[in-house]
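Student: The residues making up each chain are set out below.
Number of protein chains: 2
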Amino acid sequence: MNHERDFVTAITKKSEDASRWYIDVIKRAELADYSSMKGMMVIRPYGYEIWELIQGQLDRMFKETGHRNAYFPLFIPESFLQKEAEHVEGFAPEVAWVTIGGGEPLEERWAVRPTSEAIICSMYAKWVKSWRDLPLLYNQWANVVRWEKVTRPFLRTTEFLWQEGHTVHATEQEAEEETLRMLDVYRRFAEEYMAIPVLAGQKSESEKFAGAVRTYAIEALMPDGKALQAGTSHFLGQNFAKAFGVRFESQAQTLEYAWQTSWGVSTRLVGALIMTHGDDSGLILPPRLAPIQTVIVPISAGNWQETILPKAVELRDQLRAAGIRVHLDDDDTNTPGWKYAEYEMRGVPVRLEIGPKDIQKGSVVLVNRLNRQKTFVPWGELVPRLTALLEEIQAELFARAVKARAENTTQVGTLDELVAVLEEKRGLVRTGWCGRPECEKPAKERAAATIRIIQGPACPELPKCHCCGGESRRTVLIAKSY
Amino acid sequence: MNHERDFVTAITKKSEDASRWYIDVIKRAELADYSSMKGMMVIRPYGYEIWELIQGQLDRMFKETGHRNAYFPLFIPESFLQKEAEHVEGFAPEVAWVTIGGGEPLEERWAVRPTSEAIICSMYAKWVKSWRDLPLLYNQWANVVRWEKVTRPFLRTTEFLWQEGHTVHATEQEAEEETLRMLDVYRRFAEEYMAIPVLAGQKSESEKFAGAVRTYAIEALMPDGKALQAGTSHFLGQNFAKAFGVRFESQAQTLEYAWQTSWGVSTRLVGALIMTHGDDSGLILPPRLAPIQTVIVPISAGNWQETILPKAVELRDQLRAAGIRVHLDDDDTNTPGWKYAEYEMRGVPVRLEIGPKDIQKGSVVLVNRLNRQKTFVPWGELVPRLTALLEEIQAELFARAVKARAENTTQVGTLDELVAVLEEKRGLVRTGWCGRPECEKPAKERAAATIRIIQGPACPELPKCHCCGGESRRTVLIAKSY
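So the sequences go chain by chain: A and B.
The numbering used here puts the first residue of the first sequence at 88, with every later residue one more than the last.
The numbering used here puts the first residue of the second sequence at 88, with every later residue one more than the last.
No lab work stands behind these hints, which were simulated from the structure alone.
Hints may contain errors.
Pairs count within a copy or across copies, as identical chains cannot be separated in the list.
Unchecked claim - Lysine to any residue pairs mimicking SDA-like chemistry, simulated, CA-CA at most 25 Å apart:
(1) 150 to 230
(2) 150 to 229
(3) 490 to 420
(4) 213 to 133
(5) 170 to 271
(6) 444 to 324
(7) 150 to 165
(8) 551 to 229
(9) 444 to 491
(10) 125 to 264
(11) 216 to 195
(12) 170 to 186
(13) 236 to 475
(14) 531 to 386
(15) 170 to 187
(16) 490 to 264
(17) 125 to 368
(18) 236 to 107
(19) 216 to 420
(20) 490 to 187
(21) 329 to 120
(22) 150 to 115
(23) 125 to 231
(24) 426 to 219
(25) 528 to 194
(26) 398 to 179
(27) 236 to 412
As the structure is a computational prediction, the values presented were derived from the model and not from experiment.
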């Protein structure tokens, strides 16, 4: 905390320019920094602590659903990437290639993994022999590299951290169930922990993962009106099994190709978190993912180190024992006022103030980061009252995000309306679609917008395709996106 | 657990060939597998679970000593590696180079990090401005790549997982204290968690890290008589600070170069664990790092699924609630005897058997993996008795390893004795050394052995240098090594 001693410097107001605010707050709250290599980000401790909390919770959810972690090589021989035709076509342009190792040119160049289907399936082909070996439910926490032209900290970087689940099943139905199960894990995580409402559904053909049969995703709406794909879950069918020879002997003693899935979320989630909840004063972190849930600021007046600090230490230890992530800022070189602004900037959900009057009264002041509302709480009630306040803030952040999304979702019947909405207001546009790829193009050409999610079959209010005016077969959400 | 249905196949006896046993047990217990790329290993779930337990505990110890995690880029521009002369000389021959990205040749090639001093110091130069910013205590969990000619799963692989701590201090003394503090964290972890006794001390000049002023290490003796460097802690002095311009304004308002340390352990620790404790029946995992501390094997006779299984489930839940990592193997397709051998192979410290007689008596049988000793324990006493047994096994493993090391440490006065010992018996050789580099060479040339650790100043029993016969200044431990 002590490696930034400047005064709390002004950041761009989020209400004025969400995009500049995003960059300002990342630098100012020390979440990340740029390295000298284009698109390569450094995640600083405060940002990494958010990622550790995300990782910890997701890892628990993966293990509860029966998955185990493993680790596969960073490199993929070029010939492996080429085995699945769509896969190599999709990823080859984004690859970083290792061509020299140990002072010698390599016989075959190795890709730094952009995703690991190819290397993992080459191992699954060795490990899977019988129906008894299935299902195989593995996940990997790893770094991946995709060469990006336009980058943005957390949201799109050349290297990023992620998890990738890769599962193998004996039947199509089981694999499809797994795909949807993990999509739902992502949805629950986004809503219950990140306090971000998401749309969960299928992607159109043109937006699916290179090599998948079907791609599902969770999509969140950012405050600047752009959609963010926050996680994907792919039903791979037998595509990779056929390319890599992942076969098993069935119970009926026939040799069958296996059915596979893959699914992933990345450090992009940290970007979504920052973007969704912050305000003009800086970050706001949902309590469940805040590295510091409560900061204790002792009012440093008079001989506060004798009169106030001991009680502050006692309360800190009490909160820590109750499982609350608490930080006591007893640094004498900064004023309480400076600290208030500093921890608001860093998005700490609750500030606990304790001064001479509080000592007399046997209470403390809790300040809510969302509205700066103060509550006076007797020492004896601190743990339950603070716990309740943290839960209230978590719920309030989610409610705000739900409201914002509702306000920024517009239903339209025609392409002209769609273009007008996306020009004037942005946000999500709900409309009908006939299902033909050629009817996806005009929205892209005229509004740089794509189908983010197929919400379901055609609905009565939207009977026609927004583009051709023919019969609608799908209700879709269209938006500009990251 | 169910993706290996072969019968428990024979492995080489450890007592006959520890080296072949090591490879056999890794494959058989599904800890790791080879990929198609030379030296690139796949860590399978059971092996990765051991790594997760190592990681979890070390991470707690790092945080308790005030460190925070961060994440720095995978790549390092060649010009950065070249800034510290010794560093580039030491690492350049082992580097994998990325030369093409996004379809274009790079202007400057990028190293896949072999270690991260260069990229991290380039950021520290931006972040460190004042003495108030110090100390800066960061750690990173990451993958690194070093091109290796001879590889061996876990012990030496082209890519490996590790943590690297990188700290910055205002004074030489503080940095030196940090270097030794982390060396001691490693020693404690090795002894208390891995049950492996280690020698902790300084390395000679010829064995130190490329770019360090002094390197300290923990060294363990493996059962095949070779020493294994299990962790290193480097006092970097101002070498990197000068190369990268990591400077700060002191309290006296002068501009000073900072003092730095770095320290790391890797997935090599998993190799040390396997090698140290196994026996002819397979792995033995110390309880504190065993993914499964206790396996419950119900005796599958008669209508066991009605009579025995419900109690087994109840006991499993009870043990799980008590924080014991327990697995109930209720698979009906394998016999209890097969399961006994299987979990012995996998090194599970305690097996819990429960059959018809046990149900009648209200007890279970606990079987100790070390000696197959059986204990009958009433249900009501299970948690405390099992907990005690696990602690006993942990302590016994450490005691065995201490004894083995003592038996394989020989004190010698001369080079001829040293060579004879290392030819006939191997192990650690304790002797005197004058401190001159030329007196390190003969042991290397004649016995392929190096100074593993400088144990301290000359001691009275070893007054002379084993090589030149001159006055000894250091007591050293010499061995062949991995």
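Student: Next step is simple, just say for each hint if it's right about the structure.
Tutor: Results for each hint:
1. 150 to 230: This pair counts as both: shortest intra-copy Cα distance 20 Å, inter-copy 23 Å.
2. 150 to 229: Answer is both; intra-copy 17 Å and inter-copy 22 Å each pass.
3. 490 to 420: The answer is neither: 41 Å in one copy and 54 Å across copies each exceed 25 Å.
4. 213 to 133: between (41 Å within a copy, 17 Å between copies)
5. 170 to 271: neither (31 Å within a copy, 49 Å between copies)
6. 444 to 324: This pair counts as neither: shortest intra-copy Cα distance 67 Å, inter-copy 49 Å.
7. 150 to 165: Intra 32 Å, inter 40 Å, cutoff 25 Å: neither.
8. 551 to 229: Cα proximity of residue 551 and residue 229: none, with 44 Å in one copy and 52 Å across.
9. 444 to 491: neither (40 Å within a copy, 65 Å between copies)
10. 125 to 264: neither (40 Å within a copy, 37 Å between copies)
11. 216 to 195: neither (29 Å within a copy, 45 Å between copies)
12. 170 to 186: Classified as both; 20 Å inside a copy, 23 Å across copies.
13. 236 to 475: neither (45 Å within a copy, 59 Å between copies)
14. 531 to 386: Classified as neither; 56 Å inside a copy, 65 Å across copies.
15. 170 to 187: Close inside one copy (23 Å) and across copies (21 Å); limit 25 Å.
16. 490 to 264: Result: close neither inside a copy nor across copies, 31 Å intra and 54 Å inter.
17. 125 to 368: Neither way: residue 125 and residue 368 sit 29 Å apart in one copy and 53 Å across, limit 25 Å.
18. 236 to 107: For residue 236 and residue 107, only the intra-copy Cα distance (19 Å) is at most 25 Å; the inter-copy one is 49 Å.
19. 216 to 420: between (66 Å within a copy, 17 Å between copies)
20. 490 to 187: neither (53 Å within a copy, 46 Å between copies)
21. 329 to 120: Classified as between; 22 Å across copies, 43 Å inside a copy.
22. 150 to 115: For residue 150 and residue 115, only the inter-copy Cα distance (24 Å) is at most 25 Å; the intra-copy one is 36 Å.
23. 125 to 231: Result: close both inside a copy and across copies, 15 Å intra and 20 Å inter.
24. 426 to 219: between (59 Å within a copy, 16 Å between copies)
25. 528 to 194: For residue 528 and residue 194, the Cα distance exceeds 25 Å both inside one copy (42 Å) and across copies (37 Å).
26. 398 to 179: Intra 60 Å, inter 55 Å, cutoff 25 Å: neither.
27. 236 to 412: neither (38 Å within a copy, 47 Å between copies)
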